[in-house]
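Undergrad: Sequence:
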Amino acid sequence: MARSLATRILLTAGVVIVLAVGYTAYRLYPRQVSMVVTGVQYQPNSARTRTIKLDLHGTLHRSLFGKLAFDGTVEIDGATIANRDNGRPVTIVLNQATGGDMMYTSWHPLALYDYGAMFANQRFNEFTILEFRPHGGGWNGQNGLTIAAPAHTRSQALRLSNELMRRYLDGYRLK
11 MARSLATRIL LTAGVVIVLA VGYTAYRLYP RQVSMVVTGV QYQPNSARTR TIKLDLHGTL
71 HRSLFGKLAF DGTVEIDGAT IANRDNGRPV TIVLNQATGG DMMYTSWHPL ALYDYGAMFA
131 NQRFNEFTIL EFRPHGGGWN GQNGLTIAAP AHTRSQALRL SNELMRRYLD GYRLK
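Using my numbering, the first residue of the sequence shown is number 11, and each one after it goes up by one.
None of these hints come from the bench; they were simulated from the model. Wrong hints could be hidden among the right ones.
[What the hints assert, rightly or not] Derived DEER-like restraints, expressed as beta-carbon distance ranges:
| no. | residue 1 | residue 2 | range |
| --- | --- | --- | --- |
| 1 | L74 | R169 | 30 to 36 Å |
| 2 | Y182 | G24 | 47 to 53 Å |
| 3 | I27 | F75 | 30 to 36 Å |
| 4 | R164 | T22 | 49 to 55 Å |
| 5 | N55 | T108 | 54 to 60 Å |
| 6 | P160 | Y39 | 21 to 27 Å |
| 7 | F75 | T17 | 31 to 37 Å |
| 8 | G88 | V43 | 18 to 24 Å |
| 9 | D81 | H162 | 24 to 30 Å |
| 10 | T163 | T108 | 23 to 29 Å |
| 11 | G148 | T83 | 20 to 26 Å |
| 12 | A121 | Q42 | 28 to 34 Å |
Where is the CB? At the ideal position from N, CA and C, for every residue including glycine.
Kindly produce the complete structure, drawing on both the sequences and the hints.
TA: Structure representation (C-alpha cells):
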C-alpha cells in the first residue's frame, strides 16, 4: 500500500516536471515572424489619418520572464516620416512601460538612427509605433505621429494605442 502511494506520487511529480519543462521550452523557443498588416497613421488632436502597411520579417524571442525581443526588418509603407530602416535589420527589445527602441545602424555614412518606439501585445500581432521626428525631435502625446496596426479607422487606432501604451501614458489618453 505504501509502495503504491509512493509510486503514484513519484509518477505524478515526474509528469508535472516533464510538462513544466516542455511548456518552458515551448515559450522560450524563438518564433519566426512574417506578417503584413494594415494600420493607420494618425496625429493626436488632429483629424488627419493615413493608411499604412506594416511589413515585419524576423524572429521573436521571449525571455524566461516574458520579455519580448524582435530581430528582423520592419518596413513601413505610406508613413509621413520616411522609414529610414526599410530593409535593414533591427533589434527591438519590447518593454511594456517604455516600448522598444527601433534603432538601426547605417554604414554609409556611419550613423545610428532612432526611428521611434514600438509597443506590442504579448502575442506580437498588435502594434503601436511612436514615430520620432527626424534630428532628435522626439514624440509627444499632443502632436506626435503614431502608427497603430491592425486598424482601419482612427477610432480603432486610438483604442489600440491607448491599450498598448497604458503604462507608458500613465493615465493620459490619446484623443
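Undergrad: With reference to the structure, classify each hint as holding or not holding.
TA: Status of each hint after checking the structure:
no.	hint	verdict
1	L74 <-> R169: 30 to 36 Å	holds, 31 Å
2	Y182 <-> G24: 47 to 53 Å	holds, 51 Å
3	I27 <-> F75: 30 to 36 Å	violated, 20 Å
4	R164 <-> T22: 49 to 55 Å	holds, 54 Å
5	N55 <-> T108: 54 to 60 Å	violated, 23 Å
6	P160 <-> Y39: 21 to 27 Å	holds, 25 Å
7	F75 <-> T17: 31 to 37 Å	holds, 35 Å
8	G88 <-> V43: 18 to 24 Å	holds, 20 Å
9	D81 <-> H162: 24 to 30 Å	holds, 29 Å
10	T163 <-> T108: 23 to 29 Å	holds, 27 Å
11	G148 <-> T83: 20 to 26 Å	holds, 24 Å
12	A121 <-> Q42: 28 to 34 Å	holds, 30 Å
Hints 3, 5 from the list above are not met by this structure, while the remaining hints are.
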